[in-house]
Structure formats: C-alpha cells, structure tokens
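A.B. asks: One line per chain: the protein sequences are A, B, C and D, in this order.
So the first sequence is numbered by the UniProt record's numbering: it starts at 1 and just counts up by one.
So the second sequence is numbered by the UniProt record's numbering: it starts at 1 and just counts up by one.
So the third sequence is numbered by the UniProt record's numbering: it starts at 1 and just counts up by one.
So the fourth sequence is numbered by the UniProt record's numbering: it starts at 1 and just counts up by one.
Hints listed in this document are in silico derivations from the structure and should not be mistaken for laboratory results.
All values reported here derive from a predicted model rather than from experimental measurement.
Errors might be hidden in some of the hints.
Note: identical chains are not told apart, hence a pair may lie in one copy or across any two.
Claimed, not checked - Below, computed lysine-lysine pairings styled on DSBU-like, alpha-carbon distance capped at 35 Å:
#1 Lys261 to Lys284
#2 Lys211 to Lys94
#3 Lys211 to Lys284
#4 Lys211 to Lys261
#5 Lys94 to Lys339
#6 Lys94 to Lys261
#7 Lys172 to Lys339
#8 Lys284 to Lys172
Number of protein chains: 4
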Amino acid sequence: MTLNLEAVSTLLSDLDSTRPAREDLYEHFHRTPELSMQEDETSARIRAELEAAGVDVRPVGRTGLVAVIENGAGPVVAMRGDIDGLPVREVSGKPYASTATQVNEATGEETPVAHACGHDFHIMGLLGACLAFQQHRDAWQGTFIGVFQPAEETAAGARDMVESGIAEAMPKPDVYLGQHVLASVPGGAVATTAGPVLSAAASIRVVVHGKGSHGSMPELGVDPVVLASAIVMRLQTIVSREVAARETAVVTVGAIHAGTKSNIIPASAELLINTRAYNSDVEKHIHEAIERIIRQECAAARSPQDPEFTYYDAYPLTDNNVDVTAAVRGAFDAYFGEKSLDLTPVPASEDFSIIPDALGVPYTYWGIGGFADMANAPGNHNPAFAPDLQPTLDLGVQAAVVAAAAWLTTKDT
Amino acid sequence: MTLNLEAVSTLLSDLDSTRPAREDLYEHFHRTPELSMQEDETSARIRAELEAAGVDVRPVGRTGLVAVIENGAGPVVAMRGDIDGLPVREVSGKPYASTATQVNEATGEETPVAHACGHDFHIMGLLGACLAFQQHRDAWQGTFIGVFQPAEETAAGARDMVESGIAEAMPKPDVYLGQHVLASVPGGAVATTAGPVLSAAASIRVVVHGKGSHGSMPELGVDPVVLASAIVMRLQTIVSREVAARETAVVTVGAIHAGTKSNIIPASAELLINTRAYNSDVEKHIHEAIERIIRQECAAARSPQDPEFTYYDAYPLTDNNVDVTAAVRGAFDAYFGEKSLDLTPVPASEDFSIIPDALGVPYTYWGIGGFADMANAPGNHNPAFAPDLQPTLDLGVQAAVVAAAAWLTTKDT
Amino acid sequence: MTLNLEAVSTLLSDLDSTRPAREDLYEHFHRTPELSMQEDETSARIRAELEAAGVDVRPVGRTGLVAVIENGAGPVVAMRGDIDGLPVREVSGKPYASTATQVNEATGEETPVAHACGHDFHIMGLLGACLAFQQHRDAWQGTFIGVFQPAEETAAGARDMVESGIAEAMPKPDVYLGQHVLASVPGGAVATTAGPVLSAAASIRVVVHGKGSHGSMPELGVDPVVLASAIVMRLQTIVSREVAARETAVVTVGAIHAGTKSNIIPASAELLINTRAYNSDVEKHIHEAIERIIRQECAAARSPQDPEFTYYDAYPLTDNNVDVTAAVRGAFDAYFGEKSLDLTPVPASEDFSIIPDALGVPYTYWGIGGFADMANAPGNHNPAFAPDLQPTLDLGVQAAVVAAAAWLTTKDT
Amino acid sequence: MTLNLEAVSTLLSDLDSTRPAREDLYEHFHRTPELSMQEDETSARIRAELEAAGVDVRPVGRTGLVAVIENGAGPVVAMRGDIDGLPVREVSGKPYASTATQVNEATGEETPVAHACGHDFHIMGLLGACLAFQQHRDAWQGTFIGVFQPAEETAAGARDMVESGIAEAMPKPDVYLGQHVLASVPGGAVATTAGPVLSAAASIRVVVHGKGSHGSMPELGVDPVVLASAIVMRLQTIVSREVAARETAVVTVGAIHAGTKSNIIPASAELLINTRAYNSDVEKHIHEAIERIIRQECAAARSPQDPEFTYYDAYPLTDNNVDVTAAVRGAFDAYFGEKSLDLTPVPASEDFSIIPDALGVPYTYWGIGGFADMANAPGNHNPAFAPDLQPTLDLGVQAAVVAAAAWLTTKDT
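The task is simple: from the sequences and hints, build the whole structure.
C.D. replies: Shown next, in the form of structure tokens:
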C-alpha cells in the first residue's frame, strides 16, 4: 500500500477554513469535561456536530457513539476516540482551563473535573476525520467508522460498548486505529511502534484473615500483620525469580492496612496490588503466582479463612499488529517526513484493544506530540497537563486522516 | 512478723453492719464511672466519705487523693486504689450496670464509660480499710495511708501524682501495697507471688520513609510497603533469637498502614508496635533491637529520611519485693487459710509501681478473685466484666486490712 | 517418709576403707572411655566388679546391665548410671587424662575418646551404691536395682534397653532415679527440682526441592535458595507468634546448605533444625508448625516434590515427678543439710526418662557438683571437662545411697 | 561500504580443495582439547599451520597468538578466535569425540576435557580466514589480524593477552570482530544484532559473620543462618524494586552454606551470588545494592565483623557497535542472502570485548548456526554439544572472510 498524497491533500483541504470553529469547539469540550460513563453532554454535542454534517450516528450504550460513513466498496477502517475527563482540578493556567465540577454518580460526591489526559484532542481529531471523509467522498473509497468511546479512564467504556452491541452497530472493520496525545512525543510529531506498546495492567484487592488477640498473647491468635508482611516479601520473588529477565513485569503492593492499636492483634489485613506486563502469558503467570503465594502463605500461618481476591481496573495489553502498524508508519513517513518517529513503549495502560480484540480485528495505536517545550511538559493525568492548542489540534486531524487513508485512498495508486 | 489475728478481728468488726451501705456506695460508683484524669465526681465522693469519718485527706493533682491516718510510732504502710473507668459500653446485665457517657476532654467525643476493670472494687476496698484503721485505733499502731490514684488505664495517673508532689503530701511509707480484682483468681480467694508479676509494656509508633512513585516505576522510588514488611519479618527475630528462651518477651506489631491506591507507591509507612517483658534489661534490649533493626532496614532500602520513633503508653515492670510479699503472704495464709493462693504472672501491665519506685519504697501487688463461676468469667476490659458483688466487696476490705496489719498490728505479738 | 539416718550411716560405712580402690577404678574408667553402644570393656568391668561381690547381674542388649539386689519385701528402687564416653580429645591436664582412641563402628573412623561428660562418675556412684546395698542388707529392706545404661550421648541407649527387654530383666520399680555431675552445681553439693528440669529436644533434617536451572534463567527453575531462606524467616514466627511468651521454646536452624556455584540454581536445599521445649504439648506444636510452614512454603514456591523430614537425636522431656522429688529432697536435706540445693533447669537434654516412661514409673533426676572452683569450671562436653576427683567420687555414692534410702530404710522409722 | 563479491569469491576459492585437510585438522583439535591457559599443544599447532603458510605469528602470553597479515595501505581488521576446551566428558557420540583428560594445573586433579563450547570451530574459522587472506593478496588491501585467544571459559584469556602486551604485538585495528557457533542459530545461517548482545556478568563470594553459640542459647550468639536468609529475601528486591522493569537484570544466589550440626549456631555463612545485566549502569547499581543490603542486614543483626565481598568471574558487557555491526550485516546480507538473520540477545557472557575495549576499538560479535536439527540441538556446555561438521566448518571460514571483507575489499567498488 502506498499513500495517495493527492487524495490526502483533498481530504485535509478544509483545515485552514475550519480552524477557528474547531478551536472554539475544542475549548468548549475542554471547559465542560465529564466523568467516565457520565459523558452525556459531550456525547450529545459530538452527535449533533456529526448529524449536522449528515453523518449516520448510532448510539452504543449510554454515551458511546458509532459514526459510519460508507463510500462504496473497499476497506473498512474504524478509528476510536475516547471522550471522558478525569476527577482532577485543572491548574494549567490556560484561559480555557476547566473549572467544572460534577457529582460522581457512584459515590454521590461532587468533584472537580478536567481533560487532564487530552481526550478532548482525541474527540476533535476523530470528529475532524469524520467530517473530512464525509465531505470529500470523491477522494476515497470504502468505509470509515468513528468510534467515540466513553470511560477509558476507568477501563469500563470499551467493555460497555462491546456489551452494548457495537458489533451489530457497524460493519466489521478490517483495521482498528487509535491515537493519544503524549508528553513523551515531540510537539508536532507522530510516533508509532509495532508490538506491545502499552502494558496489560490489573489491580487486586486482597484480604487475608488472621485471628484477633491481645497483643501480649499472640499464641491465641493468628497475626495478619506478620502474614501480610511475609506475603509482601514473597511477592517480590515473582519478578525476581519467576519471570524471565527479558520480560517486562511489575508487581507493586501499593497499599497495606491492618490494625488500629499497638497492643491488639487485628483479625485481617488488606493489600492493594497492581500488576503490569507486556505479554498476556506473563500477566497470567503473575496473577496465578500472586494467588498461589498468598493462599500458601495463609495456610502456613494457620489462617482460619480463605483469602479473598477482588480484581479491578483490569486493562488489556495493547499489542500493535505488525502489518497494520507498518501501513500506518508508511503513511506517516510519506506525509509527516521527519516528524514521523518511533514510539518508545511506556508502562501505561489503555482499554483501547478491548473492542478490536472482541471483534477479531487487527489494530494499531500511536502517539501524537502535544508540547513544543517537551522538557517542561507535565505528564498525562498531572493537573497541569494541557497540550499546546496548535499544532496539536490540526495534528490530531491530520494523523487520523493520513492513517485511515493508508487503506482508503490506495485505490488510486 | 506474725499477724495479730485478734487485732485484725477488731479492725474488721464492722463488716457486717456496714455491708448494706457499702453495697449501695459500690453500686453508686459502678453506675457513675469516669474517664481517666476526669474522675472529678468519684474523687469528690471518696473525699467526702473519708472526711465524714474524720480522716485527713490531701488532694494530689486534679483528682488524686492521699488519706493519712497516723496512729503513733510504728511502720508506715501505704496502699493504692485506682479509681478510673474505661471507655466501654457495659453489657454485664447487672441491675446496676453503667449506662453513663462522658465527653473525653482530649478528643471532644462523647463515649460510654464503665468500670470494666473493677476499679470500683479497688476504691471500696481501700476506703473500707481507711475507715477500719480510722475507727479502731486501739487495734494497731503506726501510720496507714490510702492513695486513691487516677488514670491507671492510660498509664498517666501515677506519674501525675508523682509530678504533683505526692512525696510531700504524706510521710514516706515503709511499704507500698496494691490489689486488683482478677478473673483468673478464684472467687473469694487472694493470690500473691514474689518477683515479676505484671510485665513492663510500651508502645512505639514508627514512621519509615520511602519515596513515592508510580506503581509501574518502582526504580524511581523507595517502596515503603516492602520496607515495612521486611521490618516486620526481621522484628520476629528479636524474640526468636535475641532474647533467652526462658525470658518472657513479646514484640507485637499491632498495626501497619501505608498507601491508598494499588498503583501508587506511597511515601511512608506507619507501624504501631507493642512490647512486653518481665525484666527491665530484657525490655531495654528489645527497644534497642527494634530501633537497630528499623534503622538498618531503612538504610538497606535507601530510605531518604531517618525513621521516627514515638514511645507512648509505657508501663513499668511490676516486680514484687520478696520480703514485702512474704509478709503479706504470711498474713494471708494466717487469715484466709486455703483461700490464700499463688498468683500466676500474666502479661498485663500496670502503672502501680511508678509511685513506690519514685519514692524508693518496696512494694507488692496481689490479686483478689471476683467470680464464683471462673469458667465463664469475662476477662478484665471485656464489656461484660462485672465481678460478683459478694463476697468480692468484703474480700477487698479484708485483704487490704490483713495485708497492712502484717506491719501495723505486730506490736502486740 | 523420713530418712533413717542411722541406716544410711551403716550403708555408707565403707566409704573410707574403699576410697583408694574406688579412686583407682575411677581412674581406670577415665583412661579407657568407650563410644556409645561400643562400651564392651566398660560393661565387662562393671559386671566383674558386681559379680565379685555376689550381685545378680543381667545383661540387657549389647552393653547394658541390670544389677538386681533383692532384700525382702518393700519398695523397689531403680537407679540409672550412664556409661558411655564422647568422641573428644581430652585436654583436662589431669594425670589420668584419657589418650584413648576407638574406631567408630558406624563410620569406620578412628577417633579420640574421653569421659568429657562425667559418666565415669555416674558409673562409680551407682556401683558404690550397689555394693553398699549388697553388703549391708541388715540396714534396709526392699529391692535396689542398678541400671547401667549405654549410649546416652546418642539418645540410643535407653531405647536399646527398652527394646532389648529391660522390663523382663528386673522387677518393676516403684521409683526410678538418676544423677548427673554438673558444672553448674557447687562442688560437694546436690541439687534437685520438681517439674521440667531438662528440655525435650529433637533434630530434624529437612530437604526441600527446587528445580535446577542456569543462574541467568531462574524462570525455568524453582530456586531452592530463596525457598530455604523464606522458610528460615518464617520459622522465626513459631517462637515469636505461636508459642506463649511464658513458655520456653527454641527453634534453631543450625545448618543450611544448597548449591555449589554462583551461576547454577541448585535442585534442592538442606536444613538442619533443632528444637527445645519444656512441655510436650509445646514440642508437639513446634514440630507441627515446622512441618506446616515448610510444606506451605514449598507449595508457594512451586516445589516439584514434597519436602522430606527426618527426625533424629530425639530426647524426651525430663519432667521430675513431684512426689518422688520431694522424697529425695527430704532425704538430701536431712543428710547434706545446706549442701542440698535447688536445681535450676537448663536447656540440655537426656534420654534418662525413656526407661521409666516405658515402664510407667515416676522418676526424678538430680545434679551433683563437680568443681570447687565453679567460676573456672568448663562445661559438660568441653574437652577440658574433668570434675575434681574428690569429694565428687564420694558424693556420687552418698547421693545415690541417700536418695534410694528415702524408700528403702524407712521401715525402721 | 559495499561488499566486493568478486573479491570474496576469490578469497574463498580454496574452500573445496582444502575441505578434506580442514576436516582432518578440525577432528584433530576436537580430539585434543586443552583446559584454559593450558592450550600449549593447540597453540603450537595453530602457529605451525600459520607459519607453514608464511604468516607472521607473534606469541602473546603463554598460549595466545597474533597472526598479522599486512597487505598495503587500508583498514586494519582484527578478528578473534578463542581456543580453549572445557572440563567436560563428551557424550556427543561423534566418531571424533574427545576422550582426552588433562591435569588441571591449578588443582592438580585430572579431568576429562572436551570442546563442548565449539571453540574448535572458532579456531578453524579464523585459521581459514588467515590462510585465505595470506594466499589471495591480490583480492584485498589493508591488514588482517587473527587473534587466537586462550581461556575464554574462565574469563582470564583476554585479560592475559592485554596484560601480556597485545597492543604492542600488532598494529592498532580499526575494527575488532568475533564469532561463536550457537545452538540457537539455524544451521548454515549467520546472525547479527547491534547493541547489547551478551550480558555483563559477575560472581561475588560473600561471607557474613555471626557469633557461634549452642543452639539452645541463641541470645548468646548472632545467628548467621537467619542473617543469610534475611539477606537472600532482601536481595530479591533489587530486581523487583530497584531496576526498571524494561531493563534485563538477574541476581541469583546460587549457593548458601552455613553450619554443620542442628544444635550449634555457626559463626558465619557464605553466599555465592551471580549477577547479569545488559547495561553497565544497571550492573553497577546492582553491585552497589548488593553491598548496601548485605552491610545493613549485618548491622541489623549485630554482626560482629564486616561482611567480605570477593568478586570473581567478571565478564564485561558485549555491546555491538552500531556501525561495525551494520557493515558486517550488509556484507552478510549480500553474501548469505536469506541465511543472514537477526541475532536474539541471550543471557550468556563472554570476555570477547576486553581486548577491543582495552584498545579503544569498536567491535561486533555474531553467531553462526551449528545444527540442521535445531529442535534437538544440545546447548553450549552440554556434554553432548558437538555441531554438525558441515556446513558449519565452511561457514566459519566464510563468515570470517565475508565480515572482514566488508572493510578489506571495498577498494574495488
């Protein structure tokens, strides 16, 4: 496949004329962020923008949207943009900084909200691509699908769209694309890599049971503080002994809690464990090892009750397909030239791959730069995170269109 | 010294006639318990009872009292009764059960209060002895001092009386006595032992410092969860390896706390440690070992800041003087016969010895039984703890008088 | 029972006249020590001495002897003397120091041998008592039995005599007595105590299985070094958490061995564990805890094979019967006066109790002093250990006769 | 640089005619392996072969050789072949299998010896290249140097040549090359990679000091078994917490030894530790962390004496120069076509880089395949390791000549 640069040029020909309106819309989204699975206004506005342009939009779940633009025979390319904000008080200093608050429906608590992970750029990039493909049908052939996904931050949104029937809501894609604005990619650049690019991650809440006793009579109890400590020490051996040195794996016990008084042996202890891996087999082994070690340590301690394991915030591996990535990279090299870079994998996680994996579709996920001043760029989720408005806003549209064009414009070459 | 049983008989000759009034007064104290260092009403009532009988009462600190009954040349015997209640909701089912509440002056919170440790019996025993010595001066010679001590439960009361000038408030005693109603002594019996009878105890709050980091990047931080766990495992070796097997020593980590989220490595961890020993050298070694181990484990972990140690709730060793105990035991054997038993040391602690140690006076501390049905007797501090009214109430007076009489009535033999 | 001092005087009336011959015989035994279960010459000489005096001697096993002296109706008192030496090169400097060597039949190796535990005094004390009871039949009534026991040092001798039919070789005793020369008892004194006086002890050889691998690929193996280390750390919690602080218990891992090269993960690790307790329930709990912890730690480590436990050198608790000890103490007080002392329990072990426990007979075991200069006395098993010849030699006979006389001479009182 | 394939063809034109003699010589070397630093016969034979062809050979150290073939102005290319065997009894089943034994000069013990790591192929490859360059001087220009290096297996040979003056024995090379026959590369193929290809490795013998005591009195000693176990558990945290998850690092405790008897607490413990890293900073951090943890754990245990660290068998990182590797890869791609593969880094180590690092020369190190049946190929050092005679023997010459030709034949392009 070779990129049809002429067709791309046509597709992107409205960038200049739409810029003021796009910047206004971006600032609107930035000022009105919404919490995960509560993106009602955001979703409604996206839908309104698309429908105003005549795009066929289909809701999937409470706030998810699928925009389907069919344009004759040819490849089916889906691209995802995530739309939720974070419970963070923005301190970016931008004139359009968020001061919004929202009541978390799960907890009933009001919280500040901000687009501290740049999802507003993802909305704008995907929206811009939808409009480009909708409005320049002569420049391409096939089907372009925009998947506006809720709740990436809680790992719930992609699952919700799968369970709400995304498979029935759109034609089956040939490829599935995604992008993220990153502080680690130079401003104005795009960056790709094949293979594992974001780690699989999961959290486990573990409760181990001892038996309470007065602190002076440990022999009448089972000490859960000693038990939990022995577990923490033993868990270190998973990474040091059970995983190959060349694999990337992390087992962190981020929290440990037991007891309230010095002289009372408590009845239980709680551990919050987080795991990371770049390989599904490794992740599976880590989880089995955690459960094995904890169960056996409990037995060694005469624990009177089985330990309890509650998995949460489980993110899958993001493992970019070699061929899909090569196609996108080729298109990026052709369009962006020396601004098309290699992406270094980082130990963050995403729920991006859940939809393509559920559909059996190969995917790739790339980064776009957000800061001209990389040295001082705050990281994603930092309350000060707010990428440069431009060229980031245009870049998000360009990257989306160019990547999809690797499949949708090649009829002409 | 041989007990003058005739004199004792005279001293205790009012037991029957005073019983109804003493039972009423006991129930009054049981219904109106007060928190440590807040025993204002209790102290006022004790003082009123003593002064009504013409006893010279001297306040020491906010609620402490010293009752001095001088009766010519002879030994000076002081005896202590502790007077505070506990922040416990009584569930004994007794008709005179406490339903009292009190605002804790330190925290501002209202809490239920109960005499769940039997200090009301200690008040009544010592009050009865004071009145017996006051009203039967022909039967004895010397000086009897009643020390009504606040705040045993918080280890603050004896120190408060020392700091408030108890040494100046009374003649220097030759011996110092104390008693406690215990679920582990048969109802109606008294029990003594020489040597260590109650353990030294102390609590230590330890904060160890790590360095926070994202859970996926432990190499950028110092993990305080792993550090705290290594410390807990290493602390086990104090008892298992550093203290002689024949010594009695306990090191309990009653609480461990660090972190709030699975994927954030926190910046510090807190441990609450409790220690017990029956030997001051052993206690000193244990504390040195705890500090040594924690400091070195912090260094092993690259901890960026020294650990912090805060000692609290320090109770001294109660180490009964051999000669004083033998004298009391002799008197008990003579008066109680087969109801005079050996006391088995238990790993509880008291602030009883602080006053005699401060004064340089030998002491002994014995137990009196509280329950006819020992098998079902709830332990001290249990919300259901409420000893049988009789014979416990009389026994407390008898034991106090008989023990003191070992010194104060021997002139006649 | 009251000691008949006149009868005792008669029984011991030959002490002066026999002293030179007894000293010669002692030096003979001291110069010709023999290893455990190889005491052929020692046993033959004891038998010859007894038979020369007309005593009925019955061999039990290869080197054990039972000397039965029946003297009419009355109590049956058995006393044990252990007869084996140690594989030690004596450095006492005594003129009669051992220079003997012997081939260990089990290993085929020649080793120096010495009576570094004083069993030669035990032989002489029991032999002297046998001759006293044989030659002064008019002074006592009943039956005295001398049990000359092999192989105390390997915990094999008492079991051997039980298995070789000691029950059939002699009348069933009413009491069973034993004594040991100790560096911790003042020279010339005897010392008794009721209850646990010597600890139960046992050794356990444990092999835990890992799976060998190259040191750079731990994920292909199961690391037995880490497994063994986790076990050692966890075993500390038995004493620190599972045994009451007032109990005396020791769990020592005296040896740990695994691997030969830094870069090869070995296939197994070996631990040699020693346990001590003064209470059979505690010992049983310790052994169960050791097995529990090791089995579960192996499971936590994915050990491919069950751990192996081999118990050896198991010594039972020596728990002196209260009544038997009181009788001996009464006789000692009467005869030795202020040289009759309390014995402090020490964490050593003996196979003494195996025979009386097998026979269902109450027992007591006491110490006799060996050194006028206690401050410089070498401990038992020290190569320099060699008690003062006198008064130790006479004391051993006196203590044996006096103790047995508590039962055998009381007919006259 | 582009490979001059015509020149290469000339250089390799004798492969067919020399094959029978080369196979004979290979079998000779295979049958007569010699231990590290004792390769006297091997070295003598190589020298004789070279000198018979008129090559200038210079001994460096006892058995090292430098063969210098100067051929006018141009690049200086050095290539290394290691020549020592292993103390292994060959079980390959080959007709030319080694049955040789040799007395190890260091230990005095006779041991079987075999070329179980394929160094005989390395000799033959380098020898063949020397002869090719010597005999076809018209086809190339510059200088080719063969470095026949002893004692790779003990990490001593390259250091010995540096210390024996290799820098003075030859012109300074522009590049330094090396190859190894590997079971992990397909038979008949060559494989390269830039960057870290073999790990840095080091071994550390650690002695930690406790204080001996009887097993029943741990309080009188310092238990080195518990100390060593705590160290092993803590060392796991280096890889699990102190090294970034994406780095490759291994810390293995391959051996732990302390004590001989269950009831004696020994005075010290020994650990043999092996480390691996692909990054010099990581290796340095690991070594600092090991020393830090062990020193602090000793202090936590009251160790009476500093721990001792003895580093041995230190292998440097083999970090292939990007440009040199690219040149070799280009030549291999041109000559071998699809038999030129990527090499996957493996956690083995080499002393190859010591000489170029000492000389300040960029280097690359590649693998050549040895087995047509890769699935059943025994690994290097396995007693059954014996690569297929052909095409391996020819391949070794071809790869050496082609790689060097990347610099030495480019004059013609």
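A.B. asks: Indicate, hint by hint, whether the structure satisfies it.
C.D. replies: To see whether the hints hold, each was checked on the structure:
1. Lys261 to Lys284: Between copies, since 22 Å is at most 35 Å while 38 Å is not.
2. Lys211 to Lys94: between (54 Å within a copy, 30 Å between copies)
3. Lys211 to Lys284: Both. Shortest intra-copy (31 Å) and inter-copy (21 Å) distances satisfy the 35 Å Cα cut-off.
4. Lys211 to Lys261: both (15 Å within a copy, 26 Å between copies)
5. Lys94 to Lys339: Within one copy, since 26 Å is at most 35 Å while 57 Å is not.
6. Lys94 to Lys261: Only across copies: Lys94 and Lys261 sit 29 Å apart there, 47 Å inside one copy, limit 35 Å.
7. Lys172 to Lys339: Answer is within: at 32 Å inside a copy they meet the 35 Å cutoff, but 40 Å across does not.
8. Lys284 to Lys172: within (29 Å within a copy, 52 Å between copies)
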